[in-house]
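Construct the entire structure; sequences and hints are all you get.
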Amino acid sequence: MNQNPIWKYLVLVLIVVPAFLYALPNVYGEDPGIQIAGVRGAEVTQSTLSLVTNLVRDAGMEPVATSLDNTGIRLRFADTSEQLKARELITSNLGAGYTVALGLMPAMPDWLANLGAVPMYLGLDLRGGVHFLMQVDIPSAQERAKASYVDDIRTLLREENIRHRGVRLQADGSILIKFRDIGTRDLGYDQIVRNYIELSGVPNDEAEFPELLLTVSEARLKEVGDFALQQNITALRSRIDELGVSEPVIQRQGADRIVVQLPGVQDTARAKDILGRTATLEVMLVDEDNDISSSIRSVAPAGSKIYRFRDGQPILLKKQMIYSGENIIDAGSGFNNLTGGAIVNLTLDSKGSAINRRITGENIGNRMAILYVENQREAKLDAAGNSVLDEQGNEIFIAKRIEEVITAPVIRDQLGKRFQISGLESNAEAQDLALLLRAGSLATPVFIIEERTVGPSLGKENIEKGFKSVVGGLIAVLIFMTLYYRVFGLVACTALTLNLVIIVAVLSLFQATLTLPGVAGMVLTVGMAVDANVLIFERIREELRAISGPQVSIHRGYEQAFSTIIDANVTTLIAALVLFNFGTGPIKGFAITLSIGILTSMVTAIFVTRILVNLIYGKRRVENLAI
Amino acid sequence: MQILNKETQIPFLSWRLIGAILSVVLIASSISSLMARGLLLGLDFTGGTLVELQYQSSVDISDVRQTLAEVGYGDSVVQYFGTARDVMVRVPLSGETQDAEFSTRLVEALRVPFSEVGLSSTGVTGKQQCSVEGSIAICEVQLQRVEFVGPQFGAELLDKGLSALMWALGGILIYVMFRFEWRFALASVIALIHDVLITLGFFSIFGVEFSLPVLAALLAVIGYSLNDTIVVFDRIRENFRTLMEASTEQVIERAINQTLPRTILTSVTTMLVLLSLYFYGGEVLAGFSLAMIIGVIIGTYSSVFIASPAVYSLGVSREDLLPPDKDDKTVEGELLP
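Top to bottom, those sequences are chains A and B. Residue 1 is where the first sequence starts when you use the numbering used here, and the numbers rise one by one after that. Residue 1 is where the second sequence starts when you use the numbering used here, and the numbers rise one by one after that.
Hints were generated in silico from the structure; no laboratory data involved. Relax, there's no trap hidden among the hints.
What the simulated footprint calls covered on chain A by chain B, stretch by stretch (three residues with Cβ under 8 angstroms from a Cβ of chain B suffice, anywhere in the stretch; the number is not a length):
id, stretch
1, 124-133
2, 453-464
3, 526-535
4, 563-572
Far from chain A, some chain B residues (derived; all Cβ distances over 10 angstroms):
id, residue
5, 9
6, 67
7, 85
8, 243
Calculated Cβ distances over 10 angstroms to all of chain B for the following chain A residues:
id, residue
9, 20
10, 106
11, 259
12, 303
13, 323
14, 332
15, 354
16, 362
17, 510
The beta carbon of each residue, even a glycine, is placed where N, CA and C say it ideally should be.
Listed below in structure tokens is the structure:
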């Protein structure tokens, strides 16, 4: 009785050794580093690495370590001033095509890295950074899709020579077409369902003119929404790459939300500005045939619309868009030496350049307008200027489209793939516009509905606080257990400490995010994990009181407490899993560490303590147990 | 060391009326406070903006208030946070504070008195830099933390949180029903609702802010309190099997007394770590640890004075817990050692 078979030692070693190994990287901390990645086809290679390393060395700095893998180049530095200097140097010498991001990199030795050991992945509340939850305006993307069906149907009916008395989008989202007679209606109906299987129609003969009511299928609308969301994620990702953030997280959450996490970013103002902007350009021709002043007085001629310059001056443009930001594949800001203003240099894709060549060739001497388009959200106001509320008392928001003509130069020559636009207010504006055009526009507006930003120094403070409370709690429990249960207490303490090491190892291995509430989960585990030992030890004491021998008491104590421990832990686990399921960000971290802690504590408190107790008391005659 | 060196014989079941009265009083005052005053809901649930700033040198809070009032954010709550250099500003949701850009405008406004303007940077380390009268310097006003919760999102979080509580209770009900018996399940859920109500009542009566971490703590309290209750229930079940002569009352009373040392001890170790968390964990975790401290006290009390007496009052008997196919009394007797 109470002896350890060999396999138990083997299992123990298989638990303890990996636990310490994988927990070890956390001891080394992190160094400031630089991460270089290629964008838009540029690749980082061994030669880039040696180029960069030489650059840094020539400036008298020595990177602590360098590495190259498929995610890019990493350089580690001894301090942040070297890191910042090196970034300046690399950014200015490497040129476009690469992103150079600052980050913190694990400072552990290579042999650990080769084992695949990594430090815990710290949440933003511990490392500092920005967390955004963005609401994607799916309904407006769907509205636009419906509106484009209206255009498509008009075109289709025209091409098929089917006369109609109007196609319009109704307020409820359905499309109503009026026909002259039932014959043409049926013809039209036939054509429409043949071309657009996603539309379903209901004919109506009761009205003055035969009607056809079309609705877009739910499946198609969902597809539109998913597509808009996916495109937004792509656009956000490339914008973030432009910002130069290492290890960003951009994830879909549910049907209409995107989570963006930017570790280490301090300047949330710029991040917010760049992420939320929907700015793009549209290029149109100026309507030179009609008079602007008469259009203002009465109504703009068909096919044209009045737009305004930034200073409010009106201009009449032909509504047909020539091409838009989507056709722009590259953009860079610059400076016009002649006029002294900021400019943006644009490069068009093949479709855009073909159109550009044709239109500018046909319109030499006419003007071409560059329209700046941005979707914003603003509160809906009533006539008195107060915000309008919905049933829940929340403000109602409406999407607002800003359209400003940046410039409308006369076309002097045929343009092609590359051209530049001027008329921008400042150099900063030119830079931002170029960035947004490069990264691609958002398919539909996004709005930040939650932001949690933690500065890096506060993150460091939080780590310290978390560390202190874990150590404080651990020491208090260790002292208490040793005083109360003596030798058995020491055994429990060993198991408890091992449990903490295992939790850290598991968190590191699975790269589960450790947040400040996650640390609280760890602290709580320290307090609750000894429960299993308390249950066992109290049982042993009971057995001793019932005058069972020491060996029998140990045996029965462990045996009888077992099912209680399982029951008690499973119920706690249920609560933790519910918490995980419901939790957002930091709270999820709490649920994770608590769940891991519960599971690992069962191993350490039952299995490991038994081995130790057997080692101390097994195989010999014992008069008294120090319990 | 042993606090209780032999098995106690406290007549808990005879005291159950006292426990019931005490609990009814506590629950009644909790509910009336919750109805009358409600909970002081934190930013997570109401929506709004919270900005934590650190000034390079100590700052007068009335100056900060005045600066904010001048730009029209007069309804902000401004308070020191730790030292005279750390300032926390909370702004409720209103017309122009509904968007995430508001925090940026707020910090800009607070930098105006120092005639400094924040510079764009995406640096990882070091302090934020500002341009001050043409030159670059470390900003006097350092942005430490921003929390912004939009209007619909806050309500959604509360909704999700409350439904999580319901899910946890439901899951537990089913597990206990499956492992024990419906009377035990019902008794444990009664005890848990008791714990949650009184903890919520505490937050309402003392006007402590109810935030997302506090909600998480409530779920952890459910887990903890249940843990305690299950240990006693387990012992009750065991005693029904081993103490054939004892009455139901004796069986339950004995189980509570046998597990009493463990109940006290585990509460002590949990309390030790919670105190460590409360004192070292900082402001973010203070609400969490406070809720847990209250919850652990109430939870420990309820598993002794509410859950087990409730099982008794619901009329549990030996037959309910023995294997269902062995309903013949004589066969049962032979099973015992």
